[in-house]
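A.B. asks: Residue numbers (my numbering), protein chains in the order written: chain A, 228 to 370; chain B, 228 to 370.
In case anyone wonders, no lab produced these hints; they're calculated from the structure. As the structure is a prediction and not an experimental result, all values here were calculated from the model. Be aware that one or more of the hints could be misleading.
Just so you know, same-sequence chains aren't split out, so a pair can sit in one copy or run between any two.
Only pairs whose alpha carbons sit at most 20 Å apart, straight line, appear in this in silico SDA-like list of lysine to any residue [unchecked claim]: (1) K302 x D256; (2) K302 x R319; (3) K302 x A247; (4) K302 x L246.
There are 2 protein chains.
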Amino acid sequence: MTTKQDRAEQARIQFNAFLAVCPSRQLLDRISNKWVVLILCALAGDGDAEPSEDDAPTAMRYSELSRLLAGVSQKMLTQTLRSLERDGMVTRTVTPTVPVTVTYELTDLGESLHHVTRGLRSWAQAHMAEVLDNRGSYDARDE
Amino acid sequence: MTTKQDRAEQARIQFNAFLAVCPSRQLLDRISNKWVVLILCALAGDGDAEPSEDDAPTAMRYSELSRLLAGVSQKMLTQTLRSLERDGMVTRTVTPTVPVTVTYELTDLGESLHHVTRGLRSWAQAHMAEVLDNRGSYDARDE
DNA sequence: GTGCCTACTTCCCAACAGAGAGTTGCATTC
DNA sequence: GAATGCAACTCTCTGTTGGGAAGTAGGCAC
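With these hints in hand, go ahead and build the complete structure from the sequences.
C.D. replies: Here it is in structure tokens:
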């Protein structure tokens, strides 16, 4: 018999993303992705500016996401949402209005991942200037 | 006149990863990458198992990294290290021994990013079982 | 000379991301 | 009742990227 804790304990030992064959390597690859980060941020409610503390998970329509994530292709958006749904991070709800309304919402698992990925976006925005400076210096060093 | 706060304020408004044209979108793309996450983890010292609290930043040789990050191609390792160096997240040190020794080490900026990305790896490892379960259910739903 | 070592660099090809046009289903308009 | 519109995809084509393998540089050892 295997309890939930047993499995969690086993997982902690078993999964090591440094190993090429480990499934967590694939999972890391899946979640280390610009669109995943942005979709999670969008659905978690840190709308456009700096992620604030009062982030309320919001259900969003396909077209809203597509508008907010400027530059995402429909194919990528659909593909990313599908895999997030498969992995249990978002739920997809179809409402038979006319035209049909499809909304996406974070699950608890998705929210827990968002707590991590939101850091990525805010880090990128917060350290952008510094990185730009570093690139300038590097490129100037050996023109 | 522009004060430091002004600039910080301006940056907060200016950089928005949701916008396709924003440089922080490119930066997010750069850092949301399996190899970047793993290299940062390696250099920060969370060696193989669960990231622990006593992570001491370590300088590592090219060949050590190549061995630890199982499955990384030399091309990708070099390319990723170069871009991390350019962005000021790692330093590259050449010691003229024979044969030559090249070591990589995290900068303060790199360490600050590591605090974020380490979460990604540990999340992947911690929630692997749950995600695997979800995939099973999803795939069974509509076989 | 030839060989060996580390740390790359180059080349080729298969896989993937993005752009844009096409599809479905229903409901309103002419 | 044919045409139009809209949301949410799906398909197809093409350019970019990642991985594998083989080649390079430079110094010493034999």
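A.B. asks: What are the numbers of the hints that this structure violates, sorted from low to high?
C.D. replies: none
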